[in-house]
Amino acid sequence: MTDLATFWSYLSEGPLLWLTLTLAAYLVGDAAYRRSGRKPYVNTVLVAVAILALILWATGTPYGTYFEGAQFVHFLLGPATVALALPLYDNLARLRRAALPVVAAVIVGSSVAAGSAVGIAALMGAGDQALASLAPKSATAPVAIGIAEQIGGAPTLTAVLVILTGITGAVIATPLLNALGIRDWRARGLSVGVAAHGIGTARAFQVNPTAGAFSGLGMALNAVATAFVAPLVLDLFR
Amino acid sequence: MIQPLLALLACQLGGEAAARVLAVPLPGPVIGMLLMLALLLTLPRFVTLMRPLAEGILAHLSLLFVPAGVGVVGHVATLGTQAVALLVAVVVSTVLAIAAGALTFVAVARLTGAGDD
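In order, the protein sequence lines correspond to chains A and B. Following the working numbering, the numbering of the first sequence begins with 110 at its first residue and continues without gaps. Following the working numbering, the numbering of the second sequence begins with 1238 at its first residue and continues without gaps.
In isolation and in its complexed conformation, chain A is listed as follows (with noise of 0.2 Å):
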């Protein structure tokens, strides 16, 4: 028993079996999606999420243990954020054909995202500093923390919120724009990118490579808009 626990205590402690079971996880999560006949509900993301949050639960294992070993896929964030200037420029001369359609869609779905958040939270009763920490939340988490810490928000609250944010974004788009009667892959993938950032990216470049490029252009678009709109809802509500 004192040998397995050494063992235990042994691998733990390394990166090493933190960065394989995160991608253990994620290929348990894609073949769930996969093998559900790629519904919705049965996100990637999510999936994986629950396995190592069990995991780690299970074995009593703090995050910081593991995220030595997640970070090497987390740092890769960045990087996949510069790739995305490929799926745009492959769609640059149908981007710059829908340049109105795109701005507008910006404009009111951020908008929407930040007002009918603080909104709904404000009338239920949430405090400033909660308000604060979710006007942002639909921008990529590095840009909501930044706009949270300046308008007197939490960022712990924001990272989660925008996560959060992500996931239901990433679970309802599908039924809810099929039942929308949208079909234009541009408008579907750019109010994505706009309302749930890189994860409804993730999730528009699994659906159609057009909803993708248009995912990413509108996560791009909606950093700089967020950074206008948060600030302004958030003085309509307090």
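Worth flagging that the hints you see were computed from the coordinates, not collected in a lab. It is possible that some hints are incorrect.
Claimed, not checked - Label pairs and their computed distance ranges (CB to CB):
#1 B:Ala1247 - A:Phe181: 12 to 22 Å
#2 A:Ala167 - B:Leu1286: 41 to 51 Å
#3 B:Leu1348 - A:Thr170: 52 to 62 Å
#4 B:Arg1257 - A:Gly173: 42 to 52 Å
#5 B:Val1313 - A:Arg143: 23 to 33 Å
#6 A:Phe337 - B:Val1313: 28 to 38 Å
#7 B:Gly1350 - A:Phe181: 45 to 55 Å
#8 B:Leu1259 - A:Ser145: 44 to 54 Å
#9 B:Ala1247 - A:Arg292: 12 to 22 Å
#10 A:Asn317 - B:Ala1275: 20 to 30 Å
#11 A:Asn287 - B:Leu1242: 34 to 44 Å
#12 A:Gln238 - B:Arg1347: 38 to 48 Å
#13 A:Thr265 - B:Arg1257: 20 to 30 Å
#14 A:Gln238 - B:Leu1286: 42 to 52 Å
Claimed, not checked - Stretch-level coverage of chain A by chain B, calculated; a stretch enters the list once three of its residues show a Cβ under 8 Å from a Cβ in chain B:
#15 162 to 172
#16 196 to 206
#17 287 to 293
No residue lacks a Cβ here, since even glycine has one placed at the ideal position from N, Cα and C.
Please arrange chain B on chain A, whose structure you already have, making use of the hints.
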């Protein structure tokens, strides 16, 4: 493999530096994306160089959000007593924002004749 990786990192590094120096409300990687786009437009042979790596990473974009997602599970307690209000706000506002954004796009595309091919 190494050349396109270097190009991605160099653009991100340039973006991070520009974000600090210019103090713009944009994260370094997003500025890096614009730098990469400029690079692709000025040097067309970069497109063939970047494509395998860029498409490889983007095909598994979901994977990169897993560590942050696991972090959220441990911080759900930060939602505190306002958890219900915040969760309702997140879900309803995301539904409304996607619907409003997509409907606006379709309406303006129709008005301006910006149809797809």
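These are the hints, each one checked on the structure:
The supplied range of 12 to 22 Å is met by Ala1247 (chain B) and Phe181 (chain A), whose beta-carbon atoms lie about 19 Å from each other. The supplied range of 41 to 51 Å is met by Ala167 (chain A) and Leu1286 (chain B), whose beta-carbon atoms lie about 45 Å from each other. The hint said 52 to 62 Å for the Cβ distance between Leu1348 (chain B) and Thr170 (chain A), and at roughly 55 Å that hint holds. About 27 Å separates the C-beta atoms of Arg1257 (chain B) and Gly173 (chain A), a value inconsistent with the hinted range of 42 to 52 Å.
Take Val1313 (chain B) and Arg143 (chain A): their Cβ atoms lie about 28 Å apart, and the range 23 to 33 Å holds. At roughly 30 Å, the beta carbons of Phe337 (chain A) and Val1313 (chain B) sit within the given window of 28 to 38 Å. For Gly1350 (chain B) paired with Phe181 (chain A), a C-beta distance near 48 Å keeps the hint of 45 to 55 Å intact. For the hinted restraint 44 to 54 Å between Leu1259 (chain B) and Ser145 (chain A), the CB-CB distance of approximately 45 Å keeps it satisfied.
Between Ala1247 (chain B) and Arg292 (chain A), the C-beta spacing of about 39 Å breaks the proposed range 12 to 22 Å. Distance hint check for Asn317 (chain A) and Ala1275 (chain B): the Cβ-Cβ separation is about 26 Å, which falls inside the suggested range of 20 to 30 Å. The hint said 34 to 44 Å for the Cβ distance between Asn287 (chain A) and Leu1242 (chain B), and at roughly 38 Å that hint holds. Distance hint check for Gln238 (chain A) and Arg1347 (chain B): the Cβ-Cβ separation is about 42 Å, which falls inside the suggested range of 38 to 48 Å.
A hinted range of 20 to 30 Å holds for the C-beta pair Thr265 (chain A) and Arg1257 (chain B), which are about 23 Å apart. At roughly 47 Å, the beta carbons of Gln238 (chain A) and Leu1286 (chain B) sit within the given window of 42 to 52 Å. For the region 162 to 172 of chain A, the stated coverage by chain B holds: 3 residues have a C-beta nearer than 8 Å to a C-beta of that chain, and at least 3 were required. Coverage of the region 196 to 206 of chain A by chain B holds in this model, with 6 residues showing a Cβ closer than 8 Å to a Cβ of that chain against a need of three.
Check result for the region 287 to 293 of chain A against chain B: holds, 3 residues qualifying (beta carbon to beta carbon below 8 Å, three or more required).
Violated hints, in rising order: 4 and 9; the structure is consistent with all others.
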